[in-house]
Amino acid sequence: MVSRSLKSLAQSDSRFALRIVASLVLFNAVIFILPLIYAAWISFHDRDVILRTQEFIGFNHYRQILTSSEAIAAMLLSLKFTAVVACASLPLGLGIALVLNEDFPGRRFLRAAILLPWAISEVVTATAWIFINNPTFGALTGVMHSLGLVKANHAWVNETTALYWVAIAFVWHITPLGAFFFLAALQTVPDSLYQAARIDRASAFKRFIHVTLPHLRPTVTVVLVAVTVEAFRSFDLLFAMTRGGPGTASQTFPMLIFRYTFEFSRYGLAAAASYILVAVGMIITTLYFFALMRRQRLARIADAAAGEEARSRMPTPGEAMLS
Amino acid sequence: MRKTAGEYAVLWVSIALVIAWTFIPILALVWASLMPFNALVNGGLLQWPSGMGFANYEAIMGIATINDVFGGQPEAVASGFLNSAIVAIPVAVIGTAMAIIGGYGFGRYRFPFKNTLLFALLSVRLLPPIAVLIPYFVILSALHLVGTYLGLIVTYLTAVVPLLTWVLMGYFASLPIEIERAARIDGCGRLRALWHITIPMALPGIAAAFVIAFLTAWNELLFAVVLTGGTAKQTLSPALLAFSPTMPSGGANFGMTLFAAGSVLSTIPPLILALLVQRYITRLNVADPMTLEGN
Numbered sequence: 519m520v521s522r523s524l525k526s527l528a529q530s531d532s533r534f535a536l537r538i539v540a541s542l543v544l545f546n547a548v549i550f551i552l553p554l555i556y557a558a559w560i561s562f563h564d565r566d567v568i569l570r571t572q573e574f575i576g577f578n579h580y581r582q583i584l585t586s587s588e589a590i591a592a593m594l595l596s597l598k599f600t601a602v603v604a605c606a607s608l609p610l611g612l613g614i615a616l617v618l619n620e621d622f623p624g625r626r627f628l629r630a631a632i633l634l635p636w637a638i639s640e641v642v643t644a645t646a647w648i649f650i651n652n653p654t655f656g657a658l659t660g661v662m663h664s665l666g667l668v669k670a671n672h673a674w675v676n677e678t679t680a681l682y683w684v685a686i687a688f689v690w691h692i693t694p695l696g697a698f699f700f701l702a703a704l705q706t707v708p709d710s711l712y713q714a715a716r717i718d719r720a721s722a723f724k725r726f727i728h729v730t731l732p733h734l735r736p737t738v739t740v741v742l743v744a745v746t747v748e749a750f751r752s753f754d755l756l757f758a759m760t761r762g763g764p765g766t767a768s769q770t771f772p773m774l775i776f777r778y779t780f781e782f783s784r785y786g787l788a789a790a791a792s793y794i795l796v797a798v799g800m801i802i803t804t805l806y807f808f809a810l811m812r813r814q815r816l817a818r819i820a821d822a823a824a825g826e827e828a829r830s831r832m833p834t835p836g837e838a839m840l841s
Numbered sequence: 534m535r536k537t538a539g540e541y542a543v544l545w546v547s548i549a550l551v552i553a554w555t556f557i558p559i560l561a562l563v564w565a566s567l568m569p570f571n572a573l574v575n576g577g578l579l580q581w582p583s584g585m586g587f588a589n590y591e592a593i594m595g596i597a598t599i600n601d602v603f604g605g606q607p608e609a610v611a612s613g614f615l616n617s618a619i620v621a622i623p624v625a626v627i628g629t630a631m632a633i634i635g636g637y638g639f640g641r642y643r644f645p646f647k648n649t650l651l652f653a654l655l656s657v658r659l660l661p662p663i664a665v666l667i668p669y670f671v672i673l674s675a676l677h678l679v680g681t682y683l684g685l686i687v688t689y690l691t692a693v694v695p696l697l698t699w700v701l702m703g704y705f706a707s708l709p710i711e712i713e714r715a716a717r718i719d720g721c722g723r724l725r726a727l728w729h730i731t732i733p734m735a736l737p738g739i740a741a742a743f744v745i746a747f748l749t750a751w752n753e754l755l756f757a758v759v760l761t762g763g764t765a766k767q768t769l770s771p772a773l774l775a776f777s778p779t780m781p782s783g784g785a786n787f788g789m790t791l792f793a794a795g796s797v798l799s800t801i802p803p804l805i806l807a808l809l810v811q812r813y814i815t816r817l818n819v820a821d822p823m824t825l826e827g828n
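Just so you know, the protein sequences line up as chains A and B, in that order. If you're matching positions, the first sequence starts at 519 in this note's numbering and goes up one per residue. If you're matching positions, the second sequence starts at 534 in this note's numbering and goes up one per residue.
Hint data in this document are derived by calculation from the structure and do not stem from the laboratory. Owing to the predicted nature of the structure, the values given are computational and were not obtained by experimental measurement. Where is the CB? At the ideal position from N, CA and C, for every residue including glycine. Treat the hints with care, since some could be wrong.
Simulated restraints, written as ranges between beta carbons of each label pair [said to hold, decoys possible]:
# : chain 1 : residue 1 : chain 2 : residue 2 : range
1 : B       : W581      : A       : A767      : 47 to 53 Å
2 : A       : M800      : B       : E591      : 34 to 40 Å
3 : B       : G576      : A       : Y682      : 23 to 29 Å
4 : A       : F545      : B       : I712      : 27 to 33 Å
Facing chain B, a subset of chain A residues (Cβ under 8 Å, in silico) [stated by the list, open to error]:
# : residue
5 : A788
6 : A789
7 : V796
Work out the full structure, taking the sequences as your base and the hints as a guide.
This is how it looks when you write it as structure tokens:
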């Protein structure tokens, strides 16, 4: 069926695509990778703001950060924040998607409305949650005080809880995204599978475990990676809600970099810290990919052994591409 | 499939929980924005005081003054709306245009180094924005672009183009190629085929990409604070943040009701856009990173 003119078209199309895509990547490289290289240069120099001198000091800034208890504490807080957000957001997003996938009056409206927290900025998310947890006028104080459970002016956001409050607000903001991915995937589960499970008298829980969950596995990967990346690099919400406080109780690594830069004007130190943040972020993503890819491969082997058909998955770009 | 009574109960309890989780913080915010400041501080949020109304909204938009404590801050919020629009609209237009080109190239064609180039583009998205904060700040200072719209627009473009390219790549790949191919065989040029055939088919995805870009630029805080904070070009997020009780300038809880009113207003433009395209967002065919290797 493929005519000769079509073949030559495809060849010149391939060159054309390479050209446009390469120019796009090049543009991004220029305005992103060049600053990164410059940041590396900054991180290797000690800059004196008053004397306006630069001195090459090698890896001194990196050594300084890796031996600073403040920086290590900040990194641990970042990892804790990311873990809490990922662990809470994934089941919550799946739960919301399962509810929205059911048939009930007002479903269309609710599907649109749960996007609200995602469309709201992180600054406004922080404002909204301040009206929940403020010790003086917050709704939580109001409810708990009238029930006689706490005294007035109860400090909900304190040294122990500050990070969790930011995590809760972040989960509220980011979960609709995961819920929407899950909902899109749920809509592709063939109904016949559920009917078969019904005929086999499988309980709702068993239907979920054996029919829904295997179908969602690729989406779980996508959502997990997306939420982890967003949580690990997040700054806005934290800055608007606690500014790393009280004290340094919620000072994550990005917050520490911001303070190095604008409170202490330690540009070199901040640039070195940025590179450490990037490195740790890359390690996390790489670990994810390895772990999840191994699990997928194992699952595929198990499927093959059971003589089942390959699990259905989301259509890939490759499937629809010009061949 | 009929549900049992027990299943119905579980379903409706779950729906109630989803509604409560989603709307309680928003209701708290809206309620506070309608309250007189003194009533909020003295009686808390859970009451229906006299004097509920739109006084905070009038004050934040500079229509009326209710408190001298804040000096120029309400005006900053009003001009923040304008500044945010001046930044967010070009970011959405240019960013979407660039992502159409990139998404079309990646989604429709095979070519050498495809995975390498895609990874190079996506790795930009995976990096924390704060990693380039210092070099951006230093370079933009040297170019005298701190405190300008242009500096902020360029910064946001680097953030949105990789993400939108990824989103549109999946969308273009999911469209049938036959019509475009037929047009090409009939002698239609590549760019004409893209403009007259492929882009019209991809409009829902393009609309969603536009909204994502607009939301990113409208909502962003970190670079807005660093590049425009305190200047005449200050966007909405830093202008609002000046009222926050966590800011050194925000004082204790002064201005919390104004803060609430400004926050509610700032949400309206993105909200309208998000509602307009919400049914397209579900249909976005975001590529599965696990399967990207196979292409």
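Each hint tested on the structure:
1. Checked against the given bound of 47 to 53 Å, the beta carbons of W581/B and A767/A, roughly 35 Å apart, lie outside it.
2. In this structure the supplied range 34 to 40 Å is violated for M800/A paired with E591/B, their Cβ-Cβ distance being about 50 Å.
3. Evaluation of the 23 to 29 Å hint for G576/B and Y682/A yields a pass: the beta carbon distance comes to about 28 Å.
4. Range check, F545/A to I712/B: about 30 Å between beta-carbon atoms, so the 27 to 33 Å window is met.
5. The closest approach between the C-beta of A788/A and any C-beta of chain B is roughly 5 Å, which is under the 8 Å cut-off, so the hint is satisfied.
6. Evaluation of the A789/A hint against chain B yields a held restraint, the C-beta minimum of about 5 Å falling below 8 Å.
7. For V796/A, the suggested interface contact is upheld, since its CB lies about 5 Å from the closest CB of chain B, less than 8 Å.
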